[in-house]
Structures are given as structure tokens and as C-alpha cells.
Amino acid sequence: MSIKGKAYIMGAYEHPTRLAKDKSVAQLHAECALGALADAGLSKEDVDGYFCAGDAPGLGPLAMADYMNLKLRHLDSTDLGGCSYIAHVAHAAQAIAMGKCRVALITLAGRPRSEGHSGAVPRMRGADAPDTQWEFPLGVATINAYAMCAARHMYQFGTTPEQLAWVKVAASHHAQHNPHAMLREVVTVEDVLNSPVIATPLHRLDCCVVSDGGGALVVVAPEIAKSLNRPRVKVIGAGESMKGQMGGEVDLTYSAGVRSGPAAFAEAGVKPADIKYASIYDSFTITVVIQLEDLGFCEKGQGGRFVADGNLISGVGRLPFNTDGGGLCNNHPANRGGITKVIEAVRQLRGEAHPAVQVKNCDLALAHGTGGLLGSRHGAATLIMERE
Amino acid sequence: MAERKIPAPGINPETEPFWAAAREGRFLVKGCAACGKNHWYPRAICPFCFSDRTEWRPASGRGVIYSVSVMKRAPEPYAIAYVTLEEGPTMMTNIVDCDLDALRIGQPVRLVFKPTEGGGPPFPMFTPA
Ligand SMILES: [Zn+2]
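Protein sequence lines, in the order shown, are assigned to chains D and S.
For what it's worth, full-length UniProt numbering labels the leading residue of the first sequence as 1, then goes sequentially.
For what it's worth, full-length UniProt numbering labels the leading residue of the second sequence as 1, then goes sequentially.
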């Protein structure tokens, strides 16, 4: 059994706010839900499945489902960190294929910018987690966990800071066309290298933004998709996995994408070379390089060379990525970039991306992300979508 | 330069012997009597073969840096690292008491226990050998 062709993404909405001091987190979730349902041409009463992750306030999906007064027969709060929402699309397709729901709503929202979060400050990720006593005292923040991956990648494969900087340069080329993007200024490799080092070898411009906001998706059964007046984005393949420290056999050079990616490609029956557009979670520049290798867009160790010289810039390079500006320039709501990755892929497949970055004849797209910390333990989710 | 204050680890019954030994200056790793392998971080159940026949084993405290990053944007810069122990496992740690900017992957290091806040047990860290 496969989810191929069993569900369609018919609603997608990215909240325009990047600073929401005057809103609550629940309100942001509901505003995103409203936006995605309106985009699909559906109403709240049509929703019978609801998906959220750890950014949702309260216990699992209960508080948000009650806030929105949903009438549900399927709930799922799988939390793989920032890539959860990519996995939620696959889980929604599974539930729809099994007849457990017909209209699945997925929401993400948060206001880390208003609350003063920083990826450079150590964060307690569960006092009772078995790793916490061994790692929290060491000052594991978000950035230095990823920075250790970058340092090892450079040591083992000769990846350079200039190559990492190209990921940011490409994102900035796209963000200049997005009026909602936090950072719209086009930057150069030199700009990245001249920005302050936060955690060696990563600079300030190697990091994603901290933003408030959110997004929502509506995934529906085929017969409902056909009744709606929107371009149809068909889910054709998905994979998910996780990777940790493997009992001490640590290897920072690859991610769980080595499992989620091939699973998604196998289910979809396509190859990396077939993909016209890719949303790749860009928490940091190094995250993109490692994931592109793991997904098979290039050989392991060649990611730095692959992203250099504008290869990720739409209209310029071989693999247009994150044409909304991504987490590096546009938006990273709730410190979780998964849902915006799916949203921009949906825009590309519908032909509704900004004309300056729209990929011609974009009929096959991928959204992939990791969540948690690449440098200690993380989830990964891959989704392949086709325009029908 | 001022040193970063190290929060005390939250000890539980599964890990109490490690921290008791640390207070005596002894560095232990967990090994498995069934499959023979050492692991990190220490667990009651072997993460390789799932046997419950795990045991505390004295370790040399010698290792090499697998990866390292110096946190520059902190009141007191510090180096987070993974160190591969002579006994096999690679553990997350800090590299201390040295020129942080001179640290390199592959560099040999040796264990030092560093005091933690509030009278907590000393924490296993490393310094260039
Ligand atoms: Zn064992």
C-alpha cells in the first residue's frame, strides 16, 4: 500500500506577520487555519482531521482543536521538530487513504521573535530527556550543534565557508522579490564571510532568521480535490526517519535524510534529477549542503561544490531552492521551518510563486526538512508532490 | 578570561554511579558484558544489543577531537566538541583551559573534571593532551 495519489494539498497559507507582539499563539494558529481553508475554498465545518506539533499551545492537539471548535475523527501530534509538518502531510495522506478523515488541517505558529528567543542561547529540551544531564551543562545551543557538523564536513570533505555562503546568497536573491521576507537585501559571499562569527565556523549570515508567524495546509481526499476550484497538488511520495548519536558511534556528516529521501523517491517512482524545484530546510547554510547530499542531488561530500556559483538560484542554477527566501531570509515561524517549505513548493507547482522566481513548467517538487539538532539528534521528513 | 558557569547535571538512579565516581575523580564509561561494546551516554540497557548486562568500566580519559565549535557570541566564549575516547565511544563535551582558537579536529585531548554550580558533581571535560 502506498500514499501515491491518495491525497492532494488544496489549501496553503503563510501568515504575513513576522512580528506578532499583539497576538497570541493560539490566535496565530487559527488565523493560519482560516487562511488555508479560504485558499482551498473549504470551511471549518469540512475539517475532520487535525495535525499539529510542539509549537501548538497546550496538550497535543486538544487545546487548539477546542479553540477552533473542530469536529474531528482523526488527530495527530507527531513531533519531529521543525520538519514535523512535512511528515504531517504524509500522515494526513495515510489517514485519508485509510478512510480515517477526508479534510486534514495542519497548523504551525509561534512568536519566538516577540519572546526574545535566540539560537545562540542554550535551551533546555526537556529536563527529563535521558541526554539532558550529559549535554545541557555543555552549553548546547542550536547554532553550535550545527556548527560542529559544519566543522566536521569541512575537515572531512574540504567544504569551504565560501561554499556555505552561496546557500545564503541564493536565498537572498529569491527573498528580494518577497515583500513579506524579513531580509530582502541581496547579499554576496563576502557579505556572509564578513558577518560576525557566532559559533565557528558559522557566521551570523549562515543562520536563519528568528520570526513570528505561522502557516497552515489543507490536505484532502481525491474526490474533494476534484470538486475544488484550485490547481491540484498531488502527494506522490514521502519518507521520514530520525538519527541520533548511535550509542556513541557519532557521524556528523550525514542526516536521517539518507533514509527519508530514498523512501520518498521510491514511493514516488522518480529520481532527484527529475525534481524541478526543491524546498530544503535551511536552519543554517550547512543544513542545506548535508541534506542535498543525503537526498542524492549530489555525492556525499560534494554538497559544497554543488551549491556554489549560484546553482540554487532560480533561473540561474540547476536546482532552484527556497524561492520564497527560505528560513535564511524570509521566515522561520516558531523556530520551525517545515510548513513554509511545503507552502512554497505548493506555490511553485500551482505556478503562483513570484514571477521572478517561478520555475518554468514546474510539475514535480520536493520538500524536505530536519528537526531538532543535526549535531545531536534530529528527525527528517521528505515529501514529493506533483502538479496534476 | 572569566569561565562559563557550568550547570549541575540532573542525576537519576540510572546514572548515579557515574557521578559518584566523578566526585572521586574517576571517569567511567558503560560497557556491555553481552556484546562487549562500550557506549555513550551511559545507559542501563545496551544501545547496540539491548542486553541489560551493562557494567561501569574505568576509562583512560584519553581521546581525540572529532569535531569542535567555539561559541563566540557568549559572555564567556567556550568550545563545544565531540571527543572520541580511546575506549571507543564519541561523547559530547567541552574543551577547556586552553587557547580555544587553536583547537583542531584530530587533536589529542585528556579528561579534566570541572566543578558545576550549586555543589553538583564535577563534569567530564577535556583539555589538549
Ligand atoms: Zn551490548
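The reader is advised that the hints may include incorrect statements.
Claimed, not checked - The calculated DMTMM-like cross-link candidates involving lysine to aspartate or glutamate, where the alpha carbons are at most 25 Å apart (straight line), are:
no., chain 1, residue 1, chain 2, residue 2
1, S, 72, D, 115
2, D, 234, D, 66
3, S, 114, D, 128
Please keep in mind that the hints were generated in silico from the structure rather than gathered at the bench.
Here is what the structure says about each hint:
no.: 1; hint: S:72 x D:115; in the structure: holds, 23 Å
no.: 2; hint: D:234 x D:66; in the structure: violated, 30 Å
no.: 3; hint: S:114 x D:128; in the structure: holds, 23 Å
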